[in-house]
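K.L.:
Sequences listed follow chains Y and A, in order. In short: position in the first sequence from 1, add 43, done, that's the numbering used here. In short: position in the second sequence from 1, add 43, done, that's the numbering used here.
Treat the hints as calculated values from the structure; they're not laboratory data. Among the hints, erroneous ones may be present.
Intra- or inter-copy, both count: the list cannot distinguish identical chains.
In silico DSSO-like links for lysine-lysine, alpha-carbon gap of 27 Å or less [said to hold, decoys possible]: (1) Lys146 x Lys81; (2) Lys290 x Lys71; (3) Lys63 x Lys290; (4) Lys516 x Lys364.
Protein chains: 2
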Amino acid sequence: MNESERKVMQITPKSADFSKWYVEIVQKAELADYTPMKGMMVIRPHGYAVWENIQKGLDQRIKAAGHVNAYFPLFIPEGFLKKEAEHVKGFSPEVAWVTIGGKEELEERLAVRPTSEAIIGYMYAKWIKSWRDLPVLINQWANIVRWEKVTRPFLRTTEFLWQEGHTCHETAEEGEAETLAILALYREFCESELAIPVLSGRKSLSEKFAGASMTYAIEALMSDGKALQMGTSHNLGQHFSKAFDIKFEDRGQTLQYVWQTSWGMTTRTIGALIMVHGDDSGLRFPPRIAPVQVVVVPISIGKWRETVLPTAEAVADGLQKAGLRAVIDAREEMTPGWKFSEYEMRGVPLRVEIGPRDVQAGQAVLVRRDTRAKETVPLASLGARVPALLDEIQAGLLAQARAFLEANIRDAADYTAFKDIIEDKRGFVRAPWCGDEACEARIKAETMATIRVIPLDEKEAGTSEPCVACGAKGQVLAYFARAY
Amino acid sequence: MNESERKVMQITPKSADFSKWYVEIVQKAELADYTPMKGMMVIRPHGYAVWENIQKGLDQRIKAAGHVNAYFPLFIPEGFLKKEAEHVKGFSPEVAWVTIGGKEELEERLAVRPTSEAIIGYMYAKWIKSWRDLPVLINQWANIVRWEKVTRPFLRTTEFLWQEGHTCHETAEEGEAETLAILALYREFCESELAIPVLSGRKSLSEKFAGASMTYAIEALMSDGKALQMGTSHNLGQHFSKAFDIKFEDRGQTLQYVWQTSWGMTTRTIGALIMVHGDDSGLRFPPRIAPVQVVVVPISIGKWRETVLPTAEAVADGLQKAGLRAVIDAREEMTPGWKFSEYEMRGVPLRVEIGPRDVQAGQAVLVRRDTRAKETVPLASLGARVPALLDEIQAGLLAQARAFLEANIRDAADYTAFKDIIEDKRGFVRAPWCGDEACEARIKAETMATIRVIPLDEKEAGTSEPCVACGAKGQVLAYFARAY
Numbered sequence: 044m045n046e047s048e049r050k051v052m053q054i055t056p057k058s059a060d061f062s063k064w065y066v067e068i069v070q071k072a073e074l075a076d077y078t079p080m081k082g083m084m085v086i087r088p089h090g091y092a093v094w095e096n097i098q099k100g101l102d103q104r105i106k107a108a109g110h111v112n113a114y115f116p117l118f119i120p121e122g123f124l125k126k127e128a129e130h131v132k133g134f135s136p137e138v139a140w141v142t143i144g145g146k147e148e149l150e151e152r153l154a155v156r157p158t159s160e161a162i163i164g165y166m167y168a169k170w171i172k173s174w175r176d177l178p179v180l181i182n183q184w185a186n187i188v189r190w191e192k193v194t195r196p197f198l199r200t201t202e203f204l205w206q207e208g209h210t211c212h213e214t215a216e217e218g219e220a221e222t223l224a225i226l227a228l229y230r231e232f233c234e235s236e237l238a239i240p241v242l243s244g245r246k247s248l249s250e251k252f253a254g255a256s257m258t259y260a261i262e263a264l265m266s267d268g269k270a271l272q273m274g275t276s277h278n279l280g281q282h283f284s285k286a287f288d289i290k291f292e293d294r295g296q297t298l299q300y301v302w303q304t305s306w307g308m309t310t311r312t313i314g315a316l317i318m319v320h321g322d323d324s325g326l327r328f329p330p331r332i333a334p335v336q337v338v339v340v341p342i343s344i345g346k347w348r349e350t351v352l353p354t355a356e357a358v359a360d361g362l363q364k365a366g367l368r369a370v371i372d373a374r375e376e377m378t379p380g381w382k383f384s385e386y387e388m389r390g391v392p393l394r395v396e397i398g399p400r401d402v403q404a405g406q407a408v409l410v411r412r413d414t415r416a417k418e419t420v421p422l423a424s425l426g427a428r429v430p431a432l433l434d435e436i437q438a439g440l441l442a443q444a445r446a447f448l449e450a451n452i453r454d455a456a457d458y459t460a461f462k463d464i465i466e467d468k469r470g471f472v473r474a475p476w477c478g479d480e481a482c483e484a485r486i487k488a489e490t491m492a493t494i495r496v497i498p499l500d501e502k503e504a505g506t507s508e509p510c511v512a513c514g515a516k517g518q519v520l521a522y523f524a525r526a527y
Numbered sequence: 044m045n046e047s048e049r050k051v052m053q054i055t056p057k058s059a060d061f062s063k064w065y066v067e068i069v070q071k072a073e074l075a076d077y078t079p080m081k082g083m084m085v086i087r088p089h090g091y092a093v094w095e096n097i098q099k100g101l102d103q104r105i106k107a108a109g110h111v112n113a114y115f116p117l118f119i120p121e122g123f124l125k126k127e128a129e130h131v132k133g134f135s136p137e138v139a140w141v142t143i144g145g146k147e148e149l150e151e152r153l154a155v156r157p158t159s160e161a162i163i164g165y166m167y168a169k170w171i172k173s174w175r176d177l178p179v180l181i182n183q184w185a186n187i188v189r190w191e192k193v194t195r196p197f198l199r200t201t202e203f204l205w206q207e208g209h210t211c212h213e214t215a216e217e218g219e220a221e222t223l224a225i226l227a228l229y230r231e232f233c234e235s236e237l238a239i240p241v242l243s244g245r246k247s248l249s250e251k252f253a254g255a256s257m258t259y260a261i262e263a264l265m266s267d268g269k270a271l272q273m274g275t276s277h278n279l280g281q282h283f284s285k286a287f288d289i290k291f292e293d294r295g296q297t298l299q300y301v302w303q304t305s306w307g308m309t310t311r312t313i314g315a316l317i318m319v320h321g322d323d324s325g326l327r328f329p330p331r332i333a334p335v336q337v338v339v340v341p342i343s344i345g346k347w348r349e350t351v352l353p354t355a356e357a358v359a360d361g362l363q364k365a366g367l368r369a370v371i372d373a374r375e376e377m378t379p380g381w382k383f384s385e386y387e388m389r390g391v392p393l394r395v396e397i398g399p400r401d402v403q404a405g406q407a408v409l410v411r412r413d414t415r416a417k418e419t420v421p422l423a424s425l426g427a428r429v430p431a432l433l434d435e436i437q438a439g440l441l442a443q444a445r446a447f448l449e450a451n452i453r454d455a456a457d458y459t460a461f462k463d464i465i466e467d468k469r470g471f472v473r474a475p476w477c478g479d480e481a482c483e484a485r486i487k488a489e490t491m492a493t494i495r496v497i498p499l500d501e502k503e504a505g506t507s508e509p510c511v512a513c514g515a516k517g518q519v520l521a522y523f524a525r526a527y
């Protein structure tokens, strides 16, 4: 067994130790690596290619919804962060501060942006004068720094990458409509591209963004039963427009504060892809987001360079020309078996095996990463079958994740049942809640579960049952879970 | 005259005050705006769309040449920056330092990356073990911070955006070949996409990157006669591999240090687009890089909403469906004349005017931004004529810039002539140089001109004439200019 084979074999099984499996797969599949700085990671090419596909799919949708991209400064003067009281309270414990520039102590220290509402608010006040300037629909792709105590690659890192949308509107209704439209956009993106089904809804006030009127979120369920927040959309109301004096002359020539939203999705979605779809053998990327969709492996038997390789190369070439992200691995020094394991670990959705007998028979063997199902396909049919099979894999991964999610939403009859589910089965517990923050805090302290979302649909959120924890009058039916 | 009309009219003519024209056009065309932090700008949507087009064209080329993207941390521990002696000397005066994270003083302060050789070198030492791991061909798109004293939007800002390639190779020859291949790639990109012709060559040692063996650059000529460095490609030799201990087992099983390169292009290229192509009326974007390629302006006469608008919308729709970046401006509150000025200022390459008579005659009027030439085209021919005309505009802008560049390369018979050209005509002066750094420094002090490039072609660089400044034996023929 050579070094590379050992690498594949040495992954801790997911079932044995989920956390260990996660960090091992991140490193061994070369998605990311640690740096000497705590909590700061390198996103390696195989991981960054996933991010590029996420960016492409999300950017298209954001633009199709009327937004344009811009770029605001990395630094925010301390005074700006302080203008919105809740905002500074929420973020100041996590800020990295630049205090020296060009060998000189700065008069006012600069925050490395933990989010950009403050600097963007300042600029919007300069740019917006009239209702004719509205809506402002700007998005930015950027790096963000938050000084985190406990970190884990992709899921919680001191620096991460994201997109952050920042919009301004004439009315409260338009702001709310934008917030919800983005929530729906995020949900559709997760399901269509990442094959990750989500619950969507609003956060309780204790979990909302520092400075928002209301935070909405989409939440996915990882295969260890813990929830992960996949994206958030904030209705900022007039909190920042009042703090930064962003006013416009309305249609009746009265000065008004604008209504704002902000929303973001981050590189942590890559962590979700790993934890939702991965198995003991490694990653299983949904085809739409996979850096490599198809790997062609020529079976190296006998004079395979003459008998097999030309056909394998023609197949890979044909798939590439059809617009698929296909590669061929014709390395002499690795066995086909090693390659099978390697690409399984790296999550390539489909493998095409071609050996001497296949060439003679004019066929190839297709092996799905998700189910490991094999099928033999005539070479002439590959152009049609491979894209169809990739669609099946995409749909199959979504269906599997959806079934898991649905099987792991449970109702709790009482607090004992609630605690048992959270402790033994995990997943989401749907239960009535009184709406009291102290009660919510007690649940969190006793069970480590938090309210992930409260459904938007009033019917779905409605309840006549007492609060699962305190027994007071239930106000809403909420989804609780332990979360990353 | 309303506010917007005044905005268009109030641009200082380029011929009257080039610097003023530049900063006004940047703001009035909404490419960028100042922030309260010195030297930090916001890239507004109209400017960022240019950057997105640059990214797309450059990223495609970088990937086609075999590179992959990754993302390394924003911060670099001070100790890392110090490992390469020349590197720290060159960059430490410009570094912004993070000294506090999460309310605590850091044990070791962190540089906000002024360039990423140091952190990437550390990671490469972890990843590279054998010749089989080589070449490593990684690129990153990132933000960079350098504490600049004198700043100007796009051209020199405290924070800017760029791509930085960082490669490792088995041999010195491969490193040199990569450095030159990237230089050629940059040159082709500038000419094909930006319509900016460049001189390419090596830098003198005093102008090379801090830590490189040799720096190569491409240089363009702005229309005020000053040069602008458009991109650099550095042969790093083994400077960083020795500093960071990046070793590999070669094909003969001996441990060797890798040979490295690094190379970058930045948002300053947007400044070059403004200064090379712009005129008194504003921007003139080359069609390949223009955020909007075609604007359709319905002429608002009489019942234009019924008579003109449907045709204008159909035209805009047809152009969009043909894959062009086309918009229609059907705003009621602005006159066609205002719109003409506005889109001219914003550099839209082609305008389509459609009035009531045009609709009756089944035609439209096309107006080129570059030459202002008008032509009347049957509506049925627009689908063929518009793309062809955009190609003509792209070629025309390149030809015009090339003619200007060529007309502004002058030979200097002696130092008096050299000084006169630099003072009166500017542009590039081609003159023999002795190769002595002190002489180069004297030329710079006396004329503000520096050596921009020394041609790669030995024949072109060869000279038998004495040094233009000191009269000593000439070593090379160099291109001098004042530069941004």
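K.L.:
Look at each hint and say if it fits the structure.
P.N.:
Here is what the structure says about each hint:
no. : hint            : verdict
1   : Lys146 x Lys81  : both (25 Å within a copy, 16 Å between copies)
2   : Lys290 x Lys71  : between (52 Å within a copy, 21 Å between copies)
3   : Lys63 x Lys290  : neither (51 Å within a copy, 30 Å between copies)
4   : Lys516 x Lys364 : neither (63 Å within a copy, 57 Å between copies)
Figure legend: structure checked against the earlier numbered hints; hints not met, in rising order: 3 and 4.
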